[in-house]
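Chain by chain, the residues run as shown.
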Amino acid sequence: MLKFINKVFFYLKIIFLLIAFSFALYIAFMKMDFTSSNMLTILPVFIPFFILLILFVFDLFLDWKDYNLYCNAVSTLSFITITIITLRTVFDKNIVASSSLINFGFYDMQEGIIKALLYLMIIGNIGLLIYQKRKKVKIHS
Amino acid sequence: MKRVNDEYLKKIICVVFGLVFVISMYFVIINIRHYEALSQKVTVSDADTSYIKFKENISHVENKLNHYSDSKGTSLQRTLNVLKNGGVFHLLSHTELSYYDLYKLNDYFMNNVINDCWVSNLKGLNNNKTNDQLVNALINNSTYLDNHFINNSLTLYDSYSENSIQNDYEMILNNYLSFSDVLLSIIES
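Chains D and X, in that order, give the protein sequences.
Just add 61 to the spot in the first sequence (first one is 1) and you have the numbering used here.
Just add 992 to the spot in the second sequence (first one is 1) and you have the numbering used here.
Don't read these hints as lab results, they were simulated from the structure.
A hint or two may mislead.
What the hints assert, rightly or not - Simulated crosslink set (DSBU-like; lysine-lysine; CA at most 35 angstroms straight-line):
hint	chain 1	residue 1	chain 2	residue 2
1	D	K154	X	K1047
2	D	K176	X	K1033
3	X	K1002	D	K176
4	D	K68	X	K1003
5	X	K1115	X	K1045
6	X	K1002	D	K199
7	D	K176	D	K68
8	X	K1096	X	K1047
9	D	K199	X	K1003
10	X	K1002	D	K64
11	D	K92	X	K1033
12	X	K1003	D	K194
13	X	K1121	X	K1056
14	X	K1033	D	K154
15	X	K1045	X	K1076
16	D	K68	D	K194
17	D	K154	X	K1045
18	X	K1096	D	K176
19	X	K1121	X	K1076
With the hints as constraints, model all of the structure from the sequences given.
Given below as structure tokens:
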């Protein structure tokens, strides 16, 4: 039962990562268009999501799915948080903006936290990969 | 560099994910609270005296406009159309108004009623200094409300109280009512 729940959380975190990534990129493109800035402004949004996506795809192909249930559940929760923030920025009509469709101030206020969550998860997932690799080396030796 | 012991590595991973959990939970909770605060609605009552008076003023203006056929009449008619057709009556005929509806009403008041009607049409027709002062006060109210709505959208940590939306609605309705009083006084002068 726990293995099944773990698998569900493992795939849910990837799904929510993709949703959060697409909405965050959409907001970044809209902001780039609104402020007439160049494509380089999107990089700080793109990089942490991309690194996490690579790490999770790495896990999928290297069959290291026996992740800790705690780590999978927490990662899912953090991507749900980022999804809630990005969905509210784009779709919540009550977050009003005077000169554009999206209130970029609302997203900017929480962008720091989103980045902190993403970079903490990168650190956590890299640590987890190292730990799992050492565990496998110990089992085989 | 000394290799980090497996046990320490496991603890570091637990602490990192623990931090992620705490931060995520906190932001989920405050976003939910903020969403609930902004989702409040205000009930529009047909028995609301300001709303009744506003509708009466508009119908008085409509009756009196029949006596004007010159350029003054055209300007006054344009103003009346803006007051009636901008969705104001449509919005005010709903039984409930959301935060977004109030923002739209105030935005319409600032951009269409004040900027188009007063500045372009009515200011030249006005001889009464009191009307000028009243409209200036309405501009200040409207600007305050605009900043207030945008600040509430951005403020996650202070809750938007139940009385606030009612006060904002009354302020917007009084702005429209006061402007209709100004329009009526210009017609009657």
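Quiz item: Between K1096(X) and K176(D), does the CA-CA distance stay at or below 35 angstroms?
Solution: holds, 33 angstroms
Quiz item: Is the straight-line distance between the alpha-carbon of K92(D) and that of K1033(X) 35 angstroms or less?
Solution: holds, 30 angstroms
Quiz item: Straight-line Cα separation of K68(D) and K194(D) no greater than 35 angstroms?
Solution: Holds, at about 19 angstroms.
Quiz item: Do the alpha carbons of K1096(X) and K1047(X) lie within 35 angstroms of each other, as the hint requires?
Solution: holds, 19 angstroms
Exercise. Would you mind confirming whether the straight-line C-alpha gap from K1121(X) to K1076(X) stays at or under 35 angstroms?
Key: It holds: about 26 angstroms lies between the C-alpha atoms, which stays within 35 angstroms.
Quiz item: Is it true that the CA of K1002(X) sits at most 35 angstroms from the CA of K64(D)?
Solution: Within the cut-off at roughly 20 angstroms; holds.
Self-check item: Proposed proximity, K1033(X) with K176(D) (alpha carbon, max 35 angstroms)
Solution: holds, 34 angstroms
Quiz item: Would the pair K1045(X) and K1076(X) pass a check requiring their Cα atoms to be no farther apart than 35 angstroms?
Solution: Cα-Cα ~14 angstroms, so holds.
Quiz item: Is the hinted pair K154(D) and K1045(X) satisfied, with a Cα-Cα distance of at most 35 angstroms?
Solution: holds, 30 angstroms
Quiz item: Between K1003(X) and K194(D), is the straight-line Cα distance small enough, at 35 angstroms or below?
Solution: holds, 16 angstroms
Quiz prompt | Restraint check for K1002(X) with K176(D), where alpha carbons must lie at most 35 angstroms apart | solution = Since the Cα atoms of K1002(X) and K176(D) sit roughly 23 angstroms apart, the hinted pair holds (cutoff 35 angstroms).
Exercise. Please work out if K1121(X) and K1056(X) have their alpha carbons no farther apart than 35 angstroms.
Key: holds, 22 angstroms
In this structure, none of the earlier numbered hints is contradicted; all agree with it.
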